Structures are given as structure tokens and as C-alpha cells.
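Participant: Assembling the complex is the task here: the two chains are given apart, and the hints tell you how they should meet.
One line per chain: the protein sequences are A and B, in this order. Residue numbers for the first sequence follow the numbering used here, so the first one is 1 and each next one is one higher. Residue numbers for the second sequence follow the numbering used here, so the first one is 1001 and each next one is one higher.
To be clear, the hints were calculated from the coordinates, so they are not data collected in a lab. No experiment lies behind these values; they were computed from the predicted model shown. Be aware that a few hints might be false.
What the hints assert, rightly or not - Ranges between beta-carbon positions, derived for each pair:
#1 T2/A with E1038/B: 11 to 21 Å
#2 G3/A with D1058/B: 12 to 22 Å
#3 S1011/B with S27/A: 35 to 45 Å
#4 N1066/B with S73/A: 21 to 31 Å
#5 E28/A with D1095/B: 39 to 49 Å
#6 L60/A with G1040/B: 18 to 28 Å
#7 D1078/B with Q80/A: 23 to 33 Å
#8 N7/A with L1061/B: 30 to 40 Å
#9 S58/A with S1028/B: 14 to 24 Å
#10 P1112/B with H10/A: 14 to 24 Å
The beta-carbon is built from N, C-alpha and C at its ideal position, and this holds for glycine as well.
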Amino acid sequence: DTGVSQNPRHKITKRGQNVTFRCDPISEHNRLYWYRQTLGQGPEFLTYFQNEAQLEKSRLLSDRFSAERPKGSFSTLEIQRTEQGDSAMYLCASSVTGEGEQFFGPGTRLTVL
Amino acid sequence: GEDVEQSLFLSVREGDSSVINCTYTDSSSTYLYWYKQEPGAGLQLLTYIFSNMDMKQDQRLTVLLNKKDKHLSLRIADTQTGDSAIYFCAESIMDSNYQLIWGAGTKLIIKP
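Chain B on its own, in the form it takes in the complex (with noise of 0.2 Å):
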């Protein structure tokens, strides 16, 4: 079945890059996705990345995907405190009408 796993926490040093990894068990993801959600707040789509591609960048953010692996990742250069929240991993499968699995989510720790 399709899963989508991530670590539950991550602290990082403000101004230092903080990298978020995810695995999924699904060949056939279409798109994948980087939410973020922050406390209170809805979730916010930061960055996706189509399957046939390895790398993407959006000014601070980084998307690597490994597609033999099924590991996805988003590197935040120079994390600030605005960044603190949950980071969710999502995976979109043209097989079950463009659905979204979703990860548990990671939550960004940002130590002064």
C-alpha cells in the first residue's frame, strides 16, 4: 500500500540549513509535494517537484528527489525563526485520481 514516512522532529541553529527528508513507498507518484503548517494556520503549499525531475530550487528552498530510492528531500538555507512549523511530505498518484498521501509531518525546531 502507499506510505509516506518522515521523522517527527527536527532542531536546527537559526541561520544554519535545515533539511527535511521523507520516504515513500509508491513508483507511481505523480507530483510531490513540501506543505507547511504552522500553528493555528491552514496548510501552505511551499514547493513540489514532478516526478521526472531530481532537483528543484524556489530562492531559499532546495527539492532533491531520488526516485530509485524514494526519498525526497527540502533543504531551507539560512532557517530563520519564521520558519518554525510542521513540514508535511505529500505524494499525488495519477492511479488514484491525483490523491494525496501525506506524511505525519515534521516539526522544525529553530534554536536561537
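Same shape as in the complex, but just chain A (with noise of 0.2 Å):
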């Protein structure tokens, strides 16, 4: 297994437009995160997915915000009618359990002209 991976690297799109980010966590991992990073920030926390269940959404993630994991495996964050805000880089994670070690993706950079 070649760890986490994340599809694109890099996103330029124009306001008003969506987006949407793959992630396809190491394949025993049930535990699946979604953060964004903006620069000099450490991440904040998004959303995770324990199997196919999304447990938890940030009071961060706006209602433009959707995140699915349909298959238990790999997991897709939407982002409709972007703003400006949103340029950041976008990271997934997965785990083996809650209490388990997080092993990350290189992220996804958005730029939002």
C-alpha cells in the first residue's frame, strides 16, 4: 500500500464555481478525516468518517460544504459556488481506529480566483 492519496494536488477555479477532492485512504482503514490548512495554520478539523457514517462536521463546514464516503472506502469533498475563503489546502487522513495514529495525504491546494 502506497499510503494516502489525494486527487488533484492542485485546483485553480473561478468563484461561484464547484469543486470536488478525492481521497483514497490506506484500504484497512475505517477511520477517514477531512481538515483544511490555511498558511502559518495548523489544520482544523472538517469532518471524519467512521466506515461509511459520517460522525461529526465542524461548525466550520457551511452548508456549500459536503463531504461522502458512499462504499466505506475512498471519500469525496464537494464544494459548491467557492469563494475566495476557500483557497487552502485540503487534507484527508485515515486511520485504523479513533485512537489510532493518523497517516496523511500530500492534500489538495484550492485556489479560488
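Facilitator: Here you go:
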């Protein structure tokens, strides 16, 4: 297994457009997390899944954000009607269990023009 | 609320030891982590310590935890240029389903 992968690595979009990111976790990992990181800050938690169930969403996650993990494997994060403030690095992580080490993907850098 | 704080920068000479400090507020932390992030790269877990431990050593890395003062430190012995990166402290809280709460990161600068 090569670890957590994310696609695309970079996305440039115009304000108002929708974007979708994909995360492929390590195959035997039940938990999948999404974080957002802006320059000079640590990651901020957005949401997480236990298998296919989305168990928690941060207050940071507005109605324009939606995440899915339909078969308990890969996950997608969609941002509708993007705003310039959405520009950030979107990180995905996975772990075997809740208390286990979280392994991070390389991230998707979103730039909203 | 939960909060994790770190100094933003640390500058050390090559070959010296680096000590990166972190304070946290939630006493129900289960695990405390140190992650490393190099430019353009993802977050790499360096080491972690369970909250009932005081110290953990792993090659050049030593983690010290003072649970009474809610203070965590990472010591890197014989600092090399390859250690240049941003180091993040994070706490995992069982009551919050093991969400990670992160510090803002400490940029380690190595002087020749």
C-alpha cells in the first residue's frame, strides 16, 4: 500500500464554481478525516467518517461543503459556489481506529480566483 | 475550549539540540503527537506519546510530557539541515472522538 492519496494535487477555479476532491485512504483503515489548512496555521478539522457513516462535522463546514464516503473506501469533498476564502490546502487522513495514528495524504491545494 | 499553542519560530545551529515546546489546555487528552511538514509535502507523524507517559525516546527524538503543566516538548538531538521544517503539536481527545486539535506549528530554522 502506498499510503493515503489525494486528487487533484492542485485546483484553480473561479469564484462561484463547484469543485470536488477525492481521497483514497489506506485500504484497511476504517476512519477517514478531512482537514483544511491555511498558510501559517495548523490543520482545522472539517469532518470524519467511520466506514461509510459521517459521524461529525465541524461548525466550520458551511452548507456549501459536503463530503461522502459511499462504500466506506474513498471519500469525496465537494465545495459548491466557491469563495475566495475557501482557498486553502485540503488534507485527508485515515486511521485504523479512532485512537490510532492518523496518516495524512499530500493534500489538495485549492486556489479560488 | 481546546487550544494548543506553540512558538512560531525556532532557530538553532547545525549540530545543536532543538527543543520545540507546546502547551495545551484539555486535560482529557489521550495522545499527544508531533508531526513534521516540509515545504510542499504532507504531514508526517514523527512520534507520539500516550498521556500517561512522561517521556518517550526514539533515536534522535525525545518527547517530554508534563501533564500537570499541560506542557509537551520535542527535543531533536544533533540537528541537521534536513530537520528544517514546520513542526506541529497536536492533541487527540477521547471525548471528541479522537479529533486532533492542532497548534499553529513551529518553523525550525537551521543555521550553518
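Participant: Give a verdict on every hint.
Facilitator: Here is what the structure says about each hint:
1. At about 18 Å, the CB distance of T2/A to E1038/B agrees with the hint of 11 to 21 Å.
2. Separation of G3/A from D1058/B is about 20 Å and conforms to the stated range, judged on CB atoms against 12 to 22 Å.
3. Taken as a hint, the range 35 to 45 Å holds for the pair S1011/B and S27/A, whose Cβ atoms sit roughly 41 Å apart.
4. Range check, N1066/B to S73/A: Cβ separation about 41 Å, and the 21 to 31 Å hint is violated.
5. Separation of E28/A from D1095/B is about 26 Å and departs from the stated range, judged on CB atoms against 39 to 49 Å.
6. For L60/A and G1040/B, the Cβ-Cβ distance of about 25 Å falls inside the hinted range of 18 to 28 Å, so the restraint holds.
7. Checked against the hint of 23 to 33 Å, the pair D1078/B and Q80/A fails, with Cβ atoms roughly 50 Å apart.
8. Between N7/A and L1061/B, the C-beta spacing of about 32 Å keeps the proposed range 30 to 40 Å intact.
9. Look at S58/A against S1028/B: about 19 Å separates their beta carbons, and that is inside 14 to 24 Å.
10. The given range of 14 to 24 Å is broken by P1112/B and H10/A, whose C-beta atoms sit roughly 33 Å from each other.
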